[in-house]
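With the sequences and hints as input, model every part of the structure.
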Amino acid sequence: MTTTEPAVRIRCTPEAEPRARAALARGGFEAERVLTWLVVRDASPDAVNEALAAGGATVRTVVRERIGQLVGWLLDREGRLEGRGVNVQTLVRRVLDEGGHAARYAPRPVPELLAAAARLHEELMASGAAMVTWPRFVELFCERRPDVAA
89 MTTTEPAVRI RCTPEAEPRA RAALARGGFE AERVLTWLVV RDASPDAVNE
139 ALAAGGATVR TVVRERIGQL VGWLLDREGR LEGRGVNVQT LVRRVLDEGG
189 HAARYAPRPV PELLAAAARL HEELMASGAA MVTWPRFVEL FCERRPDVAA
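Under the working numbering, the first residue of the sequence shown carries the number 89, and numbering increases by one thereafter.
Hint data in this document are derived by calculation from the structure and do not stem from the laboratory. All clues stand as given, with none of them false.
Label pairs and their in silico Cβ distance ranges: (1) Ala217 with Arg114: 24 to 30 angstroms; (2) Trp161 with Arg99: 18 to 24 angstroms; (3) Ala217 with Asp185: 24 to 30 angstroms; (4) Ala206 with Pro102: 39 to 45 angstroms.
Every residue, glycine too, gets a C-beta built ideally from N, C-alpha and C.
Rendered as structure tokens:
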């Protein structure tokens, strides 16, 4: 399943921008500069990230960077999440805020976030893989804001 978002943000230095733009173009994407971001419109964050990686760019989509931090945090805690609901909520908010998706999604309530984080930790340990797709992240940790169209 792919999840298309209105905008996919990429944090990119001026030095890394030409390579990122070339990688995106080879992947069939066009980026525009919006303030401090490169932005790809109407795309899957995972597909954009794959194009960056395949093209040898050193940057990744902001949601991939932040989801990676969440995964690292979960693995570092070794599944011990009691009393850490606010930490999970903060990490989820960072993915949404910095990725530009906070108007579209909100973090689930803290008890649901903790249950989702525990479930994800179990999945990561069972699979040995640390890849969490954007659709899986949204499914586990987010609620679509009711006033936003699909």
